[in-house]
Amino acid sequence: MATQSNAQPAETGSNPFLKLVAALSTLSGWVAAGMIVLAVLITCQMIFVRFVLNHSTIWQTEAVVYLMISATLVGLPYVQRLRGHVNVDLLPLMLPKVARRILAIITLLASLAIVGLMFFYGFEFWYEAWSRNWKSDTVWGVRLWIPYLAMPVGFGLFLLQLIADLLAVISGIDRPFGLQDNR
Amino acid sequence: MDPILLGALVAIVTILVLFSGVSVATGLLIVSAGFLITFDGLRSLELMPEIFFGKLDSFALLSIPMFIIMGAAISSTRAGADLYEALERWLTRVPGGLVISNLGACALFAAMSGSSPATCAAIGKMGIPEMRKRGYPDGVAAGSIAAGGTLGILIPPSVTMIVYGIATETSIGRLFLAGVLPGLLLVGLFMVWSLYSTWRSGDASVFADRSYTLKEKLAILPRVLPFILIIFGVLYAMYGGVATPSETAAVGALLCLIIAMVIYRLWNPKDLWVVLRDSTRESVMILFIIAAAGVFAYMLSSLFITQSIAAWIGTLEVNRWVLMGVINLFLLVAGFFLPPVAVILMASPILLPIVTTAGFDPYWFAVILTINMEIGLISPPVGLNLYVINGIAPDISLKTILTGSLPYVACMVIAILILCFIPELATWLPNQVMGRAI
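Chains A and B, in that order, give the protein sequences. Position one of the first sequence corresponds to residue 2 (the numbering used here), numbered consecutively onward. Position one of the second sequence corresponds to residue 2 (the numbering used here), numbered consecutively onward.
All clues stand as given, with none of them false.
Listing some non-contacts, in silico: residues in chain B with all C-beta distances to chain A over 10 Å:
no.	residue
1	L10
2	W194
3	V319
4	M325
5	W365
6	A411
Below are the DSBU-like pairs computed for lysine-lysine, each with C-alpha atoms no more than 35 Å apart in a straight line:
no.	chain 1	residue 1	chain 2	residue 2
7	B	K400	A	K98
8	A	K20	B	K271
9	B	K218	B	K134
Just so you know, the hints here were simulated from the structure itself, not pulled from any lab data. It should be emphasised that the depicted structure is a prediction, and the values quoted were computed from it without experimental measurement. Note that the Cβ used here is the ideal one computed from N, Cα and C, for glycine as well.
Okay, chain B solo, but in the shape it has when bound (with noise of 0.2 Å):
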């Protein structure tokens, strides 16, 4: 069968497979056994397992425990609500301090937690409720959390970012530094807008906030900098050179545990298995997919499919910024259905040597994917964090969060056009501290 073909039954078999509502990562290894069986016999089974622990026999993986466990920790305390107060206390007399500390605090929260949903419910649990009382507009409320929400897997350290790394063979620390500024422009636009919005809606009186003390602006520092400190410090031995992604994230893993012990008081037991209960059921569930995903890439490479697929791109001679398009087009809608991770683990190796043969950046492209899962993680119909702001403010209803939710992603497909016409975004910070990728 021509390999093509093939890639196309492959393709919509995959599909079918996974709408079946059967879990990602068993789908693929269903998928990859059916076509080997079918095309190359019985007995290609018998690797399978060693591709599978092979996919994970990697020190560079370990990262990926290690930042859950630590956002895990951060999002069990009060930290999120407390980076929100100190935000809000100094932000006080910026227009509209309310919206942008809530955004600030998302940004920062999702860089220490790295995860979308958790950042969603860690600000919004204290920022929606506040914004209302204000009198913002349900819609800005709820949107701009929601959208702030997604900044997790784009502000470094993103686990997504680390799949992505993984899964191309990139740096990953390379990947982070890619993902600042494209995250800071995505939070200038969601605060353009919010802001905007706000004033239309015609009740400036809410920009007048309430003024606080300096004593009560020092007094909140000390319960929100040690976690904003680790963070920094992880990512410093990162670009300093000390030390690898996995053995920073692991110190970092064990300081906010501690941290969560001893300032949070997460003594009790119940409350401690939570955290490990919680990262263990995330990793175990991510690093499955990344070994399924490890088989079914063997799968299409020992049926010639992958290879084909790049060599006849090759041969279409179609504008590269077309092929961006559809490409764009592609990623967005599967990231209306399935996790980052998933659409990250089964496009990336087909994806990027079509990529980098068009001539783009691989790290520019990692952010443009990046942004093309967060748009999934705020439309229907999967749009978690959609679901953790109604599941937090049960009385905005889904249809005003949706709505109030859109605008943000206009915002999103604002920025990926912006770094289209200016791609040094993304990858002038990584050139400028680590030296151009060869």
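Isolated chain A (complex conformation) (with noise of 0.2 Å):
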């Protein structure tokens, strides 16, 4: 798959802020990966249950689905942190150096603000299944806030490691896109 091979990880220098959020966002990578090793886990359970020992299954299914979701969402600061989000980075490569800051800086103030937008309606969808206590229509009948929670607490984190990512460009702290100067 496309993982460019042109940025570097973000710096935090010696910046306190810049380094909680760090420790934030790799604490979230590993409970992302955590989550994808209990799915593994879980879903070969279910097998062995049903077909060594011929039982049928009740909460495996929905259980590793919302725990991939899960996983998707509390890894996305993670991921943004790796810079593992897969971009185009032509422009940004061809730019002169001041210019690259300045479309780093508008990029993450657009990425802000859809993150910004989708921890707000996120928060939202999750109080509504929690002040309504909404069960999922299946036999396990899980509470449905459960699963939604990851809404808000991922998109949350990843608005925190982007306001870093912003912080870092505009004080020097990181480069641009972090990309190597031109080469």
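Dock chain to chain to rebuild the complex, using the hints, since each chain is given by itself in its own frame.
Listed below in structure tokens is the structure:
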């Protein structure tokens, strides 16, 4: 798959806020990886129960899907920190230093705006499920606010990492788009 | 505003936004929100989290992180090098055995890892220095590996095919099978070109390879067979109707992790974390694009763009092959700049209705689309595989890698043409194994 090779992981310098956000994002990366591993194990357990023990399974399918969704959302800030969200860096690579920096600030602001919107509406989405005690329409009937919580949490942490990235670019701690100076 | 005009506007804005360097998924969300706010009002955004979440709420999607873990576990080991050595030992009597075993190793490793850059790196690290040492031209050494690596997205199990299956609601099992014969066709074409161009370079002595004893040939097998068996096991379980792709992939992922730990002694927690970190990064990146593309597709259809474009193309009465030509050109250009997953997710909701209305088979089209994406992987400006090769063989200039890869691009174009004349190459195997598609 295409993960572009030009960019370096985000720099934090000695700035305490940037370090804190980096630590939070790394933690969410561990949590996301843990959830994916858990999904692998539960799926294997489900297959064992179904094909070897010949029992029917109730909660597993739903649980692994919610684990995968949560891993994706909670993993967002970590992948942002690793600069693993694939982008087209052709134009940034061609631009001179100053213009590249301005473009980086503009794209970060736009990303902040949309992730902020997703965080806000994601919170509403979760709050509705929580306050009305919605349940999934399956046998398991899981309370939906639990998986939905990943929405505000994931986008909230993602927002934080983007703010940190913006600060790092503005203060000159990090290079715009994580690109090396012109080769 | 006329939906067709609006569609053109969306296309232009999307291109501009994506070229700004913003990440693909975030860019898609920005464009979707922008158009929804402008044409449907701010309230329409309330639905975005629900669509985003709903797009990911699918058991089939689980196969993506599972296959990625499988590939990452295999790629973290020496399996690539072992596979390469095994084929070389066994194919030593075949003329040009070395380049053939390289391409064969690429095809097999592509099947195991499902990733193009990983295949390039794993086989290229051993294969390129060895080919150069034995006097194969630099261009052939670099180009054959760059091209061989692209097979990762065509030969099953392929993450790209899973994404297509999910985006178009087609059968993933059928898609996997559709990629097999075209994949072999490509391997064949790559081999023919490699042999021809080595022979033409005038140094036929490189074809005289060293020989191995039977003992040496057998000694390598225990190191390569487990992974190959797992892949075949996974595919067998899928087609035997034993389990769904997600379930078999989960078992495959667990087995590959265990084998990597037992046979390749991947005990160190740090090394294990690298496997998990890489698979998490890759999965999150792809799943984020899938969810964002879901929001994007919702925006397109709620503004009647998807429906209008399909209807409009229907009234054009162009020759269906002209239409396919234009679509190919579009895919090719998109593939030059964007990763395959992004192209498939953005384009397939619009393209598939057009393609099927024009009477093309959706599984055949998946193969055509994938080969187009493969071309993008070895063409500038983004051509990921070129940079991977550049990374592992820094003393071959990018220009040599590029010119070495061009003939293989031609092979891919030839494969697309052959598939246009003989579509059965893609459709025959799935029909044989799974019965005709309804």
